[in-house]
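Chemist: Protein chains in written order, with my numbering: chain A, 214 to 602; chain B, 214 to 602; chain C, 214 to 602; chain D, 214 to 602.
If you're looking for bench data, these hints aren't it; they were derived computationally from the structure.
From a predicted model like this one, the values you see are computed outputs, not experimental measurements.
Some hints here could point you the wrong way.
No distinction is drawn between identical chains; accordingly, a pair holds when it is met within one copy or between any pair of copies.
Pairs of lysine-lysine, BS3-like flavour, derived with a Cα cap of 27 Å [said to hold, decoys possible]:
id	residue 1	residue 2
1	480	577
2	577	553
3	233	480
4	553	480
5	223	233
6	233	553
7	553	223
4 protein chains.
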Amino acid sequence: MTALIAVLAKVDDLVDQLAKRVGGVDRGELDSGESYQLIRDAGLLDVLVPTSVGGRGLSFLDVTKVLERLGAVDVSTALGLNMHNVAIGALCETADQATMGAGQRFREWVFDEVHTNGRMFASATSEIGTGARLRGLRTVYRRTSDGFVLTGHKSFVSLAGVADYFVVTARDVTTEEDDVSHFVVASDDPGVRFGQYWQGAALAGTSTAEMFLDNVTIPRGRLFMGVEGMSLFKLVREPHWMVSGYTGAYLGLAGALFDRITRAVAKDAARAESPVVRHEIGRLATALRAARALVYAACAEVDRARGSVEANTAVHAAKYTVGELLNSLAAAALRLCGSKALASGSDQERLLRESQFCAVMPAKPDDCLQYVGKAHLGTNMHDVRSFTW
Amino acid sequence: MTALIAVLAKVDDLVDQLAKRVGGVDRGELDSGESYQLIRDAGLLDVLVPTSVGGRGLSFLDVTKVLERLGAVDVSTALGLNMHNVAIGALCETADQATMGAGQRFREWVFDEVHTNGRMFASATSEIGTGARLRGLRTVYRRTSDGFVLTGHKSFVSLAGVADYFVVTARDVTTEEDDVSHFVVASDDPGVRFGQYWQGAALAGTSTAEMFLDNVTIPRGRLFMGVEGMSLFKLVREPHWMVSGYTGAYLGLAGALFDRITRAVAKDAARAESPVVRHEIGRLATALRAARALVYAACAEVDRARGSVEANTAVHAAKYTVGELLNSLAAAALRLCGSKALASGSDQERLLRESQFCAVMPAKPDDCLQYVGKAHLGTNMHDVRSFTW
Amino acid sequence: MTALIAVLAKVDDLVDQLAKRVGGVDRGELDSGESYQLIRDAGLLDVLVPTSVGGRGLSFLDVTKVLERLGAVDVSTALGLNMHNVAIGALCETADQATMGAGQRFREWVFDEVHTNGRMFASATSEIGTGARLRGLRTVYRRTSDGFVLTGHKSFVSLAGVADYFVVTARDVTTEEDDVSHFVVASDDPGVRFGQYWQGAALAGTSTAEMFLDNVTIPRGRLFMGVEGMSLFKLVREPHWMVSGYTGAYLGLAGALFDRITRAVAKDAARAESPVVRHEIGRLATALRAARALVYAACAEVDRARGSVEANTAVHAAKYTVGELLNSLAAAALRLCGSKALASGSDQERLLRESQFCAVMPAKPDDCLQYVGKAHLGTNMHDVRSFTW
Amino acid sequence: MTALIAVLAKVDDLVDQLAKRVGGVDRGELDSGESYQLIRDAGLLDVLVPTSVGGRGLSFLDVTKVLERLGAVDVSTALGLNMHNVAIGALCETADQATMGAGQRFREWVFDEVHTNGRMFASATSEIGTGARLRGLRTVYRRTSDGFVLTGHKSFVSLAGVADYFVVTARDVTTEEDDVSHFVVASDDPGVRFGQYWQGAALAGTSTAEMFLDNVTIPRGRLFMGVEGMSLFKLVREPHWMVSGYTGAYLGLAGALFDRITRAVAKDAARAESPVVRHEIGRLATALRAARALVYAACAEVDRARGSVEANTAVHAAKYTVGELLNSLAAAALRLCGSKALASGSDQERLLRESQFCAVMPAKPDDCLQYVGKAHLGTNMHDVRSFTW
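For reference, chain A alone in the conformation it holds in the complex (with noise of 0.2 Å):
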């Protein structure tokens, strides 16, 4: 506990400075590398690294209640800072497991990179066609001597311009069969290119692009713990990450929006005192704890089981929630504060282009729906086959 009051204390220092940028990103005025600068400066990128190598070792449920403070108020630099979590994620929770060789170094060079130089971390694995499955995938690699080569063209990467790190997933390139690997490709590797910038109703602050890799070299010791063919184990393991991160940030988000309503509404006595008024606050404000709820009791079950069924349940079922708690909130937003939610460069205008893209983000809800529906219903959440990977 006493980790995340460090923590927080230290993104309760940040979140004027974001606060300031956060428009201007928004309209394309404003770099957002500087709002990452931010979160560099204030150490953030240190959150799950273990304490044992100087990190803050945070819990699951910790860092989640990060991301919602963030969320609240830059929800697209929190979704920046998960992005550098699910990079590393997997990484900081094995920690405590031995390991020898090339996993081992593996961690260390990590662990190092972020802890000592500052390094942040993000992934490419969409590509256009296949989304984030693993089947079917384009990027490819080959052996060389001393590393592997990798040429493909990766779509949504996030961080783009201001990670150093990018975490690739590539298939054997001599094989017929789906084996996919993770490797780390640094962002000034010789034939990384990035393309077009994404433009969206919002999102603008996750810097987000294509990416282009071009025959790039990379030494052994980036290949991802030192072993090729582990992408399909690890997904279907470690769901949390995928799905979870963005839970945080985006229940922050929708804690901001339920904020700006009431504010709006409490300025009109009259509104205020309307018991339609006060029916639908109420309602919103009994979904918004429901979901909070329901997040930090699946994160909390993460730290307790991490990988079991129960814990990837919970995962799925609160990313689900959230989602649907913004589109709650966003319908009720209009009705309650009518076209001043909608005037350009209000607040309230931003955080509804904001809040249309949890549903877009993995995992959608029907996906959502399904790993819970078939976990009630027996189905072997362990076997690959189970997954539309």
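Mind docking chains B, C and D on chain A? Use the hints.
Modeler: Quick look at chains B, C and D alone, frame taken from chain A:
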């Protein structure tokens, strides 16, 4: 029916040109005025004008279908045309009722301006603080020997810079009572000035701005129907104009959004055959069909018994239902189409932004339900005390 | 319209008597047969029979309105009358299509039995395990020199002990194919026996039981339309009978439940003036109005283009919508009327129990949505492979 | 935690016996008193009694878990036990607060009656017309030299014929003020009589009846806490007892209903693998998990800061959420299990009937939302004027 078919044929000739302009107007690159010129050139300002003076004389149901067709392509322009209809609708409806003197001269003048001279009308009723309510209006008028002088400040005036005339509500400056009248102000009357254009998440095509009236002199002939103090009577008796015009345009938008979703899903065979996707599309289609059936039934009831509690109740129910439908479609678009629905410059992204405004337009969701609820619980709906006017 | 008005007048004469019996039948204290005798005496078995042979010749929309009126008072009896309509509906609809030989004789016989002799028909199609599907039917028939012999076991047969004839589905015992035909079995044919009457939360008035057929001999003239193997064709082309008859009766029940809620609320002035209650009543009224508009529009479409994809889609959408409406009304009854809605012997408590069955009757909610979804996603709905028959 | 585990073990020993009785009690064939005897024999009347006087001393959260476990098997009996808890809960909670004189003697007497003599308590507060509100109470008391005399008529008194003591609200007959006190009436006090037992769709096991008090003499020692006029204070400060006890029992019912649905679906492999069914089961499971997380979080908050606005708000949110969950589960049971869910004598049919009562029990859905809404809009929740007491 023949008249409707002829008008719909005109609309069909128009929609391709509107479709080419709609994105540009939305982004502020094209002038909305040219879209309205297409509307004028197609003779659509005439749809409500009685056949006896050369107009199209469409029924309320038929006009709703015209707005639906337009709204599917360019909802902002459809809303603009609706503003013109709202401004002159009650006059058109009562054209077969004998009147005389000032009332008759006023009506003839309006019909002549619209039909012969191609003038476009609009309304300027909202004010900051009171919204579209009559009670507490701050725009005032005083009588002169041959007319009136108006002074005040209107907000959210659609068709600013586009319409030729604005129907303005103002309060008699000589009494403490809420004695409100309607006047026709020309856009080029000395003392008329438009302020800042409203900038928001959508609606650029409605050309909405503040309107300042600084001692604007109005000849006696431009007092609405030649009678002072009729505004409340008008509002209470004829809510279908305030409420239901929007409904047609937004029903069209809902149909367009549904089509966009369905087409996006149908492109991908695997998704089109997914039972979950079919279930969802089935649910949306059902909601769209129910909303359309309700809107048409409500409009038919207006044509059958205009101003009746039954017609007014139906019209409020229809407005509410279309708003809920749009919420439901917008949430589904995110679930079913993912980030494509939110990419800048995509049609769908624009439709999602436009759809948010249905709930913001009068009558607002709870106002609709209060009307319907009261009507079903036996409140006297012709008693002005039942209204928060 | 005149024919409808005449029939509705008959219904109005009837409803007081049905209202007095409905509670007793529900509690098992009164015999449902007497309620159906009232239906017979009022000449309501005739509503679909063509005017050319002396029947009422009502349209599908008109019959739906008759069932709605009856369903508001006694939904079980309305469902029973619907069973009779379902059994003879397709014959009535095609009465103006020339036919000859066995088909013509069959049709004439049915019309004569209904119109001249006052016979009531019903259906016996469901079986344990397959439900109402044709595929996998276990009731079989074999041919004799002058007819057929049927053996099997039907479940959920409505009007057991009430109807004179049952339209029974059976499979040709001589082939492995699912070659299914319809036959008319008389309730007093030797070998016919009814088992246990179904006991459940409601529906006592439908007089539903198991039916056993033990080598029941059927003369050739009671083969449906004189042709074997037409059952699937019938099912695929004419879902409006299977789906939509229920819709009218349950729409009536929904109206009755809404009235009961509204009256209970309106009794208490404080509650009738509560904005939250008005909001809720407004929402329910809106949903009821939308459902009714959709049901009427769907029935009008059946009358306009019977068997078309558009008509069938509309009918499935309508069935789904009425089921959702009843869920919504039932939940609201508990919120708005409290324990009174659940006291034994109260009308409302019975209506709540009856309302639960709408979702259980074919087509079930997801079946409806799958049909609508497929139709909108471009599936060929006349291809039997699109069906899980 | 150990205390909870011990109590849950007792409950587990009990549930098989309760399960055998629950259907019979529901049908009126078995006496509910024997089910409560099982509760007494298992020592469950003691769960809240402080350990210092030999009780179990469970926290509010732990007791909720006990009620959840019981509610999953026999919700009526769980609600009955909750009535006992409600009656003595506030005394148990404040057992560590020093008091003296009459208050202390009263508390000791209650604990002794429960712990040593195995007495069961209940509440008798509702009256016809005012419900559970204190304002407008018609049961009155007058003072005598050594106690009080009560006369009045209470409705919806649970545990009639079962409990030994009833905590009765009464108004001081000598003032016009709503000066309300609580008294303990013994079931065998002269002048106490129970009327007609309530007959309704469910709840037979709560043994609910009218209670008549005809000049019932109460010794001074049975004035609640020895102080007159404390009732409103009690109500405003401690809504968790009125609201939240139900929540645990109904959460258990919700879990049982979900299990029944899941098991019914899982039996049929084709359905268990249907993506639509998985989606639906996933949605229900998610709602159940969110409700449970919210209930536990609310109870933990009561244990942390009893009587605080935050705890009370959480408790109202939890009650509302469980009611909505039951609505959702009941509708899904009909969709997913069909007519089986409605067959007389089936477990599921009984669970559906029981589930309807959650929304009927205090605090009702809108009362919950008004509380939560007010709390979030900044109303002073400790001001009695905020209540419709």
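Chemist: Work down the list of hints and note, for each, if the structure agrees.
Modeler: Structure-based check of each hint:
no., hint, in the structure
1, 480 / 577, "between (36 Å within a copy, 19 Å between copies)"
2, 577 / 553, "between (30 Å within a copy, 14 Å between copies)"
3, 233 / 480, "within (23 Å within a copy, 43 Å between copies)"
4, 553 / 480, "within (13 Å within a copy, 37 Å between copies)"
5, 223 / 233, "within (17 Å within a copy, 51 Å between copies)"
6, 233 / 553, "within (20 Å within a copy, 29 Å between copies)"
7, 553 / 223, "neither (33 Å within a copy, 36 Å between copies)"
In summary, the structure is inconsistent with hint 7 from the numbered list given earlier, while agreeing with all the others.
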